[in-house]
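Novice: Sequence:
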Amino acid sequence: MPQRHSKNNNDLAFFTYDEKKKLGYGTQKERLGKDSIKPFDACSLCLKPFIDPLCCQKGHIFCKECILECLLSQKKDIQRKLAAHTSQLKQEKDEEEEKLVLQKARELDAFDQQNHGALPQYSDKNFNRDKNGFHGANSVKTTSYEEEALRTMKAFWLPSATPEAPVKVNAPSTSTTCPEGKENLKMKSLFSIHFTEDTNEEKKASALDKTYICPSCKVTLTNTLSLVGLSSCGHVFCKKCADKFVAVDKVCLVCDKGCKERNMINLVKGGTGFAGHGDNLEANDFKHLGSGSGLGLVRPAMKT
-15 MPQRHSKNNN
-5 DLAFFTYDEK
5 KKLGYGTQKE
15 RLGKDSIKPF
25 DACSLCLKPF
35 IDPLCCQKGH
45 IFCKECILEC
55 LLSQKKDIQR
65 KLAAHTSQLK
75 QEKDEEEEKL
85 VLQKARELDA
95 FDQQNHGALP
105 QYSDKNFNRD
115 KNGFHGANSV
125 KTTSYEEEAL
135 RTMKAFWLPS
145 ATPEAPVKVN
155 APSTSTTCPE
165 GKENLKMKSL
175 FSIHFTEDTN
185 EEKKASALDK
195 TYICPSCKVT
205 LTNTLSLVGL
215 SSCGHVFCKK
225 CADKFVAVDK
235 VCLVCDKGCK
245 ERNMINLVKG
255 GTGFAGHGDN
265 LEANDFKHLG
275 SGSGLGLVRP
285 AMKT
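Note that the working numbering gives residue 140 to position 156 of the sequence shown, counting from 1, and the numbers run on in steps of one.
In case anyone wonders, no lab produced these hints; they're calculated from the structure. A hint or two may mislead.
[To be verified] Here are the simulated DSSO-like pairs of lysine-lysine, each with C-alpha atoms no more than 27 Å apart in a straight line:
id, residue 1, residue 2
1, Lys152, Lys77
2, Lys48, Lys32
3, Lys152, Lys48
4, Lys202, Lys170
5, Lys166, Lys59
6, Lys166, Lys77
7, Lys170, Lys77
8, Lys172, Lys234
9, Lys234, Lys224
10, Lys138, Lys88
11, Lys172, Lys60
12, Lys166, Lys32
13, Lys77, Lys60
14, Lys170, Lys22
15, Lys42, Lys172
16, Lys223, Lys42
17, Lys223, Lys22
18, Lys32, Lys194
19, Lys152, Lys60
20, Lys166, Lys42
21, Lys166, Lys152
22, Lys59, Lys42
23, Lys88, Lys65
24, Lys22, Lys202
25, Lys172, Lys152
26, Lys48, Lys194
27, Lys59, Lys152
28, Lys83, Lys60
29, Lys228, Lys202
30, Lys172, Lys138
31, Lys172, Lys241
32, Lys6, Lys22
33, Lys234, Lys42
34, Lys74, Lys48
35, Lys152, Lys138
36, Lys224, Lys42
37, Lys65, Lys138
Can you make the complete structure from the sequences, with help from the hints?
Specialist: As structure tokens, then:
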């Protein structure tokens, strides 16, 4: 059956609603699925199931080897930047000293020209002169005026006189940061966390990966639950049990170790650097029509 002519009318001076819809004009919304969200039992760096997990004070979970390697690389980078900054300071100091020497040489040359300008030039071929052709007080000058003129000459077509933009190396921060939260992170602020593994034979035989449960209510932990880790002992509970029992009794339900409210860390779940997480799991794309091209140009989504 042929299509209606009204939907294929291309001789109008404006786009019809159907033409805009085909070009993708407007707002496109899509809810992120399970494949777009990082599992709660995966490392935030390697995105694989964690091994010997460590947690920071903001609730980000890392493999022990991954976070140690990350902090070590940050320290090496800080040392490299400190060496570059120190070298730059030394170079600036040397340039200042060179400017002072050049200024003294100019003052000495002006004094010599003022006091010996009327004297005749020497015609003795055996008379020793420096490389710049000066004599008398100018013999102590160490900087060549020809080199200085070539250095200050604005002749961009000469390779030797091409200006170079100086690269300013600022003093780097000496503290390492968390690769996820971007806050300051030290080794001593990390603590080990321990998940309670499900020992049920039926679930263990059917599941390919490890399954973790809350040690209090025995509920299987998933991305849909909010989790709380205790920095005092490292045990992990669901948020309901943590607020109902741990926060009230001030003691861990597994090892009976005392804990305070500041020891209850909300674990960050889901999302990576390429996907969102939390309550806002909807991706928006705003598209508008290009001028004269007839193609839909993608505009980044605005933060709400």
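Novice: Under the constraints set out in the numbered hints, which ones does this structure not fulfil?
Specialist: 3, 4, 6, 7, 23, 25, 28, 30, 32, 34, 37
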